[in-house]
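If you read the sequences in order, they're chains S, Y, U, W and E. For the first sequence, position 15 matches number 15 in our numbering, and the numbering has no gaps at all. For the second sequence, position 211 matches number 211 in our numbering, and the numbering has no gaps at all. For the third sequence, position 219 matches number 219 in our numbering, and the numbering has no gaps at all. For the fourth sequence, position 218 matches number 218 in our numbering, and the numbering has no gaps at all. For the fifth sequence, position 279 matches number 279 in our numbering, and the numbering has no gaps at all.
Honestly, the hints are just simulated from the structure, not real lab data. Don't take every hint at face value.
Claimed, not checked - To be clear about the criterion: a stretch of chain S counts as covered by chain Y if any three or more of its residues have a C-beta under 8 Å from a C-beta of chain Y, and this derived list gives those stretches:
hint : segment
1    : 10-20
2    : 177-190
3    : 197-210
4    : 229-239
To be verified - The following residues of chain U were derived to be distant from chain E, with all beta-carbon distances above 10 Å:
hint : residue
5    : G29
6    : R54
7    : Q226
8    : R236
Said to hold, decoys possible - Partial chain E-side listing against chain U, Cβ under 8 Å, derived:
hint : residue
9    : L180
10   : A186
11   : T189
12   : R194
13   : A195
14   : D198
15   : V201
16   : G205
17   : G207
18   : I208
19   : V210
20   : A216
For each residue, glycine too, the CB sits at the ideal point set by N, CA and C.
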Amino acid sequence: ADPIRIGSVVSATGPSAFLGDPEAKTLKLYVEELNKKGGLLGRPVELVLYDDGGDANKARTFATRLVEDDKVVAMVGGTSTGATMAMIPVFEEAGIPFVSLAGGIEIIEPVRPFVFKTPHTDKTACQKIFEDMKARGITKIGMISGTDGFGKSMRNQCLKVVGGYNITVLADETYGATDSDMTPQLNKIKNTAGVEAVLNPGFGQGPAIVTRNYAQLGLKLPLYQSHGVASKSFIELAGPAAEGVRLPAPAILVGDKLATEDPQKAVVAGYKASYEKATGQSVSTFGGYGFDGIQLVTQAIDKAKSAEPKKIRDALEATRSYVGVTGVYSFSPTDHLGLGTDSFRMLEIRGGDWTLDAPTR
Amino acid sequence: MSEFLQLVFSGLTVGAIYALIALGFTLIYNASDVINFAQGDFVMIGGMATVFLMSAGLALPVAAFIAVVASVGVGLLLHRFAIEPARGASPVTLIMITIGASIFIKGVAQIVFDKQFHSLPAFSGDTPIPVGGATLLPQSLWVLGTTLGLVVALYLFLEHTLSGKALLATAANRLAARLVGINVTLILAMAFGLSAAIGALAGVVATPITLTRYDIGTLFALKGFAAAMLGGMGNPVGAVVGGLLIGLLETFGAGYVSSTYKDAVAFLMILFVLFFLPRGLFGGRSVERV
Amino acid sequence: MSLLEVRDMGISFGGLKAVDGVSFTVEAGQVFSIIGPNGAGKTTLFNLVTGIYRPSRGKVTLAGADMTGLAPHLLVRRGMARTFQNLQVFFRMTAVENVMVGCHLAERTSFLADLLGLPAVARQNKVTREHALALLGRVGLAHLADASAGALPYGALKRLEIARALAANPKVLLLDEPAAGCNAVETEAIDHLIADIARGGVGVVLIEHDMKLVMKISDRVLVLAQGRPLAEGAPRAVRENPQVIAAYLGDHGAREADRAHG
Amino acid sequence: MLTVEAITSAYGRINVLHEVWLEVKAGEIVALVGSNGAGKTTLLRTLSGVQPARSGRILFKGEAIERLEPHQRVVRGISQSPEGRQVFGPLSVEDNLRLGAYRRQDAGMRGRLDHVFALFPVLAEKRRIAAMSLSGGQQQMLAIGRALMAAPKLLLLDEPSLGLAPLLVDQILAAVRALRAEGITVLLVEQNASAALAIADRGYVLETGRVVMEGSGAALLDDPKVRTAYLGL
Amino acid sequence: MGAKATLARVLRARFTPLIVLAALMVLVPVLAPSSFHLRVAALVWIFALAALGLTILMGYAGQVSLGHAGFVGIGAYAVAIGPARLGLDPLLCLGLGAVLAGAIAYGVGRPILKLKGYYLAIATLGFGVIVALVLHSEAEITGGPDGMAVARLSLFGWRVSGALNWYWVTSGALLIGALLALNIAASPTGRALRALHDSEVAAAGTGIDVGAKKLAAFVVAAVYGAVAGGLLAAMNGLITPEAASFSHSIELVAMVIIGGLGSVFGTVVGAAFLVVLPQMLTALQEYEQAVLGLLIMVFMIFLPQGIVPSIRAYILERLP
Ligand SMILES: Nc1ncnc2c1ncn2[C@@H]1O[C@H](COP(=O)(O)OP(=O)(O)OP(=O)(O)O)[C@@H](O)[C@H]1O
Ligand SMILES: Nc1ncnc2c1ncn2[C@@H]1O[C@H](COP(=O)(O)OP(=O)(O)OP(=O)(O)O)[C@@H](O)[C@H]1O
Ligand SMILES: [Mg+2]
Ligand SMILES: [Mg+2]
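This is chain S alone, in the form it adopts within the complex:
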């Protein structure tokens, strides 16, 4: 039978390869597994995957190609918010459902008929962090953010919501995504009187270097990272300096530590096992976004009993309580993310591993 084509454009190379690479691997892995199980609606599934190298202009071109040439019925991809925003008009115009893997809140606000997304917004991450700070009585913080899209957007969201928690930001520093030394900025924070904790929105190697420099300077204040470092390699890169770092992250990082009754436990364990077996690398939240994206789409196709884009879209929007590795999703016509703050867990790095800080619900 004719294959069902699902398209994807991710940043498998370039500055966001850190995110895009596990996404690409996950998508390939799951389409393969699906086909082993006989595909969808009795038809094989074909994944058409392109690498935009982190360039929004290329992403746009590939999006056109997916729609025009490859005739895909759905799209899972868009590693960065910039690339996603560049591709949205193409899929909107063609009426093809697009599940984005990028963080930016503007992807789903305002809601567009055909656009969904799987990762938490950075706003949720900020809220989770500030809740934690508040609970620990922290009221004055310093921030050091990456200037990449991820860091910048999260910084903005955090600054927007921080007031609601009675927390003031006393220092607000930045570093370039590719910098190899952040001591000057951290030194400034160190010398800012009154700072009680430091927050570092960023992804890639930057936060690891921040964490190391933090230790080098002998800073003893609590250090908060974001979900942008939620992969095992952060602990490896930051080394012993990572001890005590706190961050909000999805369940995937602590799959084995979840309570037995946790609904996500089984899904997370399954994904972790198959990903690590297939790639030899540790799972990350980013791969998890891809997992949820492809699962949501394939389940929607299954439910719609059709590979008709419009029908897939409708089925997607009707998704309720899909248990994924990132959280439990319930879409609605007004909510194309469908995750709440509760899908984030607050983790702390102890003994070189993630530990669940607060008991799960």
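Please build the complex by placing chains Y, U, W and E with the ligands on the supplied structure of chain S, with the hints as guidance.
Structure of chains Y, U, W and E with the ligands alone, referenced to chain S:
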């Protein structure tokens, strides 16, 4: 005061890394007038190969040695199969070949290695050394020491050996170099081999600080190139001074001006220096003869 | 008032006084030669006069107007053109294009017209090319007009530079060793060419080591040694000056010089 | 010592030398004359190997060398002072000279250096100065001196007197004669044909890439055709 | 014999590249009508237009710029920011962007064009980095790293939308750009630029104001870049600072060199090489980059003067 000192330490560390990369540019430039855009990728090979060899169970010194040798091999292959066949082509063409080579090396590296960031353990521990209220990582001393050693070696080689002179002569006048009996092919191969070795060594000592990834070479090349130009292209001492200066400019820019615009601060300073010394700090003030 | 007046020129390079207090004047239609041992400062003097180096002292006037320290391209506009001892040819262009570049000042198109490719540009190109071809003919290179300059033999390149300098329609023409690399017969052709240029009212300043040429066509000769004037005067007087013979001419030079008036 | 058999050489598709035959015997001075563009420079370049020969053979001391790289020919004792000086601009005068002896790092080098400095005292004066800041004539001296540093068996001189003061032209030609006395063979291209032929044992006249005449130096000097075409007499 | 001579004449004729280009432009929509193909072609035209600026600056005048994407960025953001923040008409902003880029080039060019070779390269590189940094950092105005949306362009009342329309608009822009570049080449200005490329001393010695000519080339190059950037932004409806990045500057330089330094048609071929090839190599998956790098090397080794001049020389050499 301690803050100032801390910035100096950071600046020197970062600057020494740039200096090491800038040194790598010197040899190939001196032999051929070509800026090797794949220079940063030698740095990457040095770091990544050491990481992977160590994870295969080799001790750091052994892994580093093999990584440097491998990088030299890549340098020689690059010369033999890409530069030599295009002999006689203009520098622009050769530069384009090195750009192609850089893309190629990255492409291969992401398959041979992976796309993740990696780090190496610091050679002599992570315990910061407190100095005057500021701290210095032992690895910084490794980087500074390597830079110092290499610049001295390179200076002696270029100024006090016949092979060094032959290298300079080859770039100065290829025709005359051939006429006095210099084997131009061999000289170029040597330049590529040595540059690759310097680059790889830089990668090995810098990776514990900067981390590394298959595509980190582009950034390294950019900073190293800027350092080499600020110092005056082709002059090893200039490369080191240029590197250290850019490192210091960046950290002081970040510390005292704006962390967002610290790269701009560094580049504005370069423009400022070149305005008065159009051939860089050590590029000489020679007047063109007509 | 002389056409070209150079007064008390001087420059040093790191302690070496390459040119040190040199003065001379050139009249229209005259051939004024500068000779002297290698490294005497002749080329440096040219570089000072034509604005390539900034003199540390001294003054240059052309037809009464002060030219000291003016940028080279402005000097050309005022009527001073030169050739170079170390060839400065546009090697990636054809011979005729080299000369066409020399016609630059006479061209009457604007940047905008060039960009838009107005018909005036095509007309101008045609005029320029014809003029350039005529000049090539004058130096005996007409047959090589469309050859790439990079492929021309050394002697031809020297003449190509002369043609290019002439294209600027100079009042004063400075030639730095135009006959270098030419054999006796070819030198003679250059000799006629220079005489012809001077006859047209151009003041020619000539640096040359070919004594036969110098002594034959010069109106006056200045001898430099170690940056300073050693002697100046009519060719005959100069070549018999024992100091000049000892420092510069030697037997060979004296013999050659004699042949000029053989 | 050197036998050139039917050498053809070309730039691109245009032949510049057409089957040139030529011989230089050990200890001879051979002069090569011809007008601009005759191919004199091309011939010397072909002999030193920086210009490939399209066909023909070059025998040096009985060995075919036309396929050898330039540096291999230098090792065998062929050294050239090129047209247009071609000094190593940014390098010092002394470094230029030392590089001339690149393939002859022997005990005699010091002596040869002194010899060159004796021949051109100004070079000794300027030994630490970058070659590119020398005057034209000084660079010419440097180019000749550099070629001598190789202690060649066969010296190829392309217009050595170009740009030299008359006094030095005498000295150069005297030096060439002295070289012969030392047993060095010289192939000399000169525009100053009368002077060159006067010291040459034999001479060749090259015209558009072909040898059109050969003979002893004296005979060529007396040849009416040579006198009108090249000596301007 | 007659045919060969004609071929030689055609190959050398000034407007041949323009005619070939126009023919190609007409053929593409016929042969490859999908909007994906049209988009790729339009991108080729846009990048070729940007690179043509470099052809004038680097190819004709021999002045290297490693910051050309900076001007592309300036043009692109002018079209993005003008309508969004100031309520200006997008078409007007396209023009304003060009003027702004030209003015900035004028200001920046005066001091830095005194530098030569690699020193000029690093200075322009620094300029490009600074532009990219500003676009990246001033998020309030530029939208930051994730970029900003760009209003629709309308040409005198006609709202340009759809792949085919954009294809024609970009085709037209490139044709004009190529025509102007060819005009310059065959004019006194072009000769002056090529002359100073070979020897600045000699060029000044013929009365050419070397500084002014270099500056003019720099300004013109900037305008080309800015117009191309503006078109790119308007066509995509979104622009990110990536457009001004260093890697993009390198890519533009690569287009010029691969196609053939100084050749107008070569520049288009170079742009096609770097835009179309990656699309063709996607099937190779993770080997794509390696193969792309390899192909660049192979082309430069075997066609060292660039694709178009090398092939033209090859053909001409085989003619009488
Ligand atoms: N830029 C410079 N730096 C240092 N020394 C210089 C420079 N230019 C010239 N000189 C020195 O100045 C002196 C004069 O040089 P110049 O070229 O004027 O001599 P010249 O009279 O033209 O000699 P020739 O006849 O050999 O061409 C030489 O000794 C030369 O080495
Ligand atoms: N690089 C080149 N490319 C093409 N043709 C060339 C090249 N160099 C020289 N020629 C041609 O080869 C021919 C011989 O040149 P060559 O330089 O050998 O002459 P020459 O006898 O040394 O002249 P001169 O006395 O002027 O030095 C000339 O017709 C010249 O145009
Ligand atoms: Mg001189
Ligand atoms: Mg010659």
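Verification of the supplied hints:
Counting residues of the segment 10-20 of chain S whose CB lies closer than 8 Å to any CB of chain Y gives 5, so the stated coverage by that chain holds, three being the minimum. Judged by the Cβ-Cβ criterion of 8 Å, the segment 177-190 of chain S is covered by chain Y as claimed, because 8 of its residues qualify and three suffice. Counting residues of the segment 197-210 of chain S whose beta carbon lies closer than 8 Å to any beta carbon of chain Y gives 4, which meets the minimum of three for the stated coverage. For the segment 229-239 of chain S, the stated coverage by chain Y holds: 4 residues have a C-beta nearer than 8 Å to a C-beta of that chain, and at least 3 were required.
Residue-level check passed: G29(U) sits 23 Å from the nearest beta carbon of chain E, beyond 10 Å. Remark: the non-interface label on R54(U) is consistent with the geometry, its nearest Cβ contact in chain E lying 14 Å away (cut-off 10 Å). Non-interface status of Q226(U) relative to chain E is upheld: no Cβ of that chain comes within 10 Å, the nearest being about 26 Å off. At roughly 33 Å from the closest C-beta of chain E, the C-beta of R236(U) stays outside 10 Å, upholding its exclusion from the interface.
A least Cβ separation of about 5 Å between L180(E) and chain U falls short of the 8 Å threshold, and the interface hint therefore holds. Hint status for A186(E) relative to chain U: holds, with the closest Cβ pair at about 7 Å, below 8 Å. Residue-level restraint check for T189(E) holds (minimum Cβ-Cβ distance to chain U is 4 Å; threshold 8 Å). Nearest Cβ of chain U to the Cβ of R194(E): about 6 Å, under the 8 Å cut. The hint holds.
Interface hint status for A195(E): upheld, as the beta-carbon distance to the closest one in chain U is roughly 4 Å, under 8 Å. Residue-level restraint check for D198(E) holds (minimum Cβ-Cβ distance to chain U is 4 Å; threshold 8 Å). The restraint placing V201(E) at the interface with chain U holds, with a minimum CB-CB distance near 5 Å, inside the 8 Å limit. Satisfaction of the interface hint for G205(E) is found here, the shortest Cβ-Cβ separation to chain U being roughly 6 Å, below the 8 Å cut-off.
Checking G207(E) against chain U by beta carbon gives a least distance of about 4 Å; that is within 8 Å, so the hint holds. Interface hint status for I208(E): upheld, as the beta-carbon distance to the closest one in chain U is roughly 6 Å, under 8 Å. The interface hint given for V210(E) holds, since its Cβ lies 7 Å from the closest Cβ of chain U, which is under the 8 Å cut-off. Taken as an interface hint, A216(E) checks out: its beta carbon lies about 6 Å from the nearest beta carbon of chain U, inside 8 Å.
Violation of the numbered hints given earlier is absent; every hint is satisfied by the structure.
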